[in-house]
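Novice: As a plain string of letters, each chain reads:
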Amino acid sequence: MVNLLNGPQTLGRGRAFWSAAAAVLAIALVYPLFVDSYDVGSSAYFLCWVFMALGLCLMWGYNGMMSFGQTFFFGVGGYGYGVIEINLGVAHGGAMASLVATLVVTAVAAASLGYFMIYGRIGGMFFGIVTFAVTLALAFFLNQTAGPEWHIGAARLNGFNGMQGMDPLTLPWFGGDIDLEGTAFYYFVLVLLVAVYLLLRLLVNSRFGNVLVAIREDPLRAELLGYDVRRYSLVTFVIGSVLGGLSGALYCSWGQFISPSSVGLPAAAMPVVWVAFSGRSDVTATLIGTLLLIAGFQALTIYSEQWALILMGVLLAGTVLIAPDGLIVSLANVVVRRRARNRTVLRPSLQER
Amino acid sequence: MAALVQTRGVSKSFGGLFAVKEVDLAIEDREIHCLIGPNGAGKSTLFKLIVGTYAPSAGSILFAGADVTQMPAFARVARGMSIKMQTPSVFRALSVRQNLHIALQHHVEPHRIPAEEERLLSLLGLEADAARPAGELAHGQQQWLEIGMALALRPRLLLLDEPTAGLSPDETFRTGELIQRLNADGATVLVVEHDMAFVRQIATSVTVLHLGQVFARGTIEEIIANRGVEEIYLGSAHDA
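These protein sequence lines map, in sequence, to chains G and A. All the letters of the first sequence, read from the start, carry residue numbers 4 to 356 under our numbering. All the letters of the second sequence, read from the start, carry residue numbers 86 to 325 under our numbering.
Keep in mind the hints are simulated off the structure, nothing from the lab. One or more hints might be untrue.
What the hints assert, rightly or not - Taking beta-carbon pairs under 10 Å as the criterion, some of the chain A residues facing chain G (in silico):
(1) GLY144
(2) ALA160
(3) MET170
(4) GLN183
Said to hold, decoys possible - To give an idea of the chain A side of the interface with chain G (calculated C-beta under 7 Å), a few residues:
(5) MET156
(6) ALA163
(7) GLY165
Cβ atoms here follow ideal geometry from the backbone N, Cα and C, with glycine treated the same way.
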């Protein structure tokens, strides 16, 4: 178990790293005690997005599949949660059941889309193009659902105005359900994020993860070692996309609102920017970098959303030119190199393909 | 005794042009079978048909008594084939040890993998390079690493496409010794090669392909004595 957490596919190993991680987690846990609940809510909002970045990191950085479809699944998750929750109702753990059902729906959607792409041998750049096209198609479709005829049960889609009226998540508990809003929601998302992060570390360092990086490096060689490359890629696509759906569902529960703009073009570029900037080859780098970027973007948006978008573009271009492996990964490699010359296997460069 | 590999009337055409045409080939259990022929004879295409990276246009392929014609490459590997392609293809960004690990984990129990890694590293003479990214190795070392990965699967049939390409004469000779040692341990080996000195070193039987068809077959002595083979090589067969 410990070996898997600290395996070769993840940066950040050893006592110093885990001490720092524990310290950061401790700060994250006590932080709501010192700030007002509005700020805690904003922080929870930041955390919601990280899941989709981690999903993209798994697909792109570890398996070599550049999916532009994270916001497609974000949309499926967001609208899915809304539709199911509005129809199911919040009582008797209905909201939490809606979340679970949404993830199942996302998984089925990912498996269907992924099956046709991966078994149809759509690879490389075309994988990105097809997923991007599907994302735009969903955004355009949702935009024209303003009329009253567009409803699923009691849930009206509402076109570009967005869907509303769903309840936030509740946690079924013995004395009565706990409303997951404000600070409670923050803790819920934080626990989920820590769990997903640790599970991903276990996954990428496991036997499965070894095959993933082998496929990224050379799919034919991986197949000639006896691995069913397409099945591994499909499973990875489903896991990564479900994380996109989780982001969407959490976002929808947080704001009790979801609109097509969460699916469309600028939104679709964001996960790619976060993951490329952070370093797609490592989950920890993606976690840190994504949080930094989202917080920075949000701070800038207060002044001007246009400028914030332009800055994102500049950051992406700069990263690609200066540190193609991602800024956080490159910085981490410098630190590791300083600390242990010749001793450690460094994070491999992905540039050589 | 039935052959380990049998191709029956196997053809492969690319846009009407036959790269391999109606080839019947039998590779007996525990032999070192060399597939030779001039450039464009169809050696690599036949190799890929047996491996499963190409699907034949006609004919069937049997491996260990089962028809594998429609079987994808990974499933053939699971049945005991192991392959080294022409150009070295190792996982370049991963360490040498990880390369071997990924090959080993397919069928070796987890607790035995470290010991197997060490055994292969010393067999390949790569102990000192275990932590280096495989892409940083010299060409010859990459070839060896890839042979090591093919061995890690403990194959019944080892398929090698030009294993000596780009190797020094000394490395070539040692590769030949390695193949003979594996063969003595029970592996059947199919080698596509045009280095005749190497073929003479290892082959127990030889098939000559020419223009996509079987031109001659026999022991290495018979092939060398065959005037026709010499002619299709334009006298170059003895140069090596």
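Novice: Does each hint fit the structure? Answer for all of them.
Specialist: Hints versus structure:
no.: 1; hint: GLY144; result: violated (22 Å)
no.: 2; hint: ALA160; result: holds (8 Å)
no.: 3; hint: MET170; result: holds (7 Å)
no.: 4; hint: GLN183; result: holds (6 Å)
no.: 5; hint: MET156; result: violated (12 Å)
no.: 6; hint: ALA163; result: holds (5 Å)
no.: 7; hint: GLY165; result: violated (10 Å)
This entry does not satisfy hints 1, 5, 7, going by the numbered hints stated previously.
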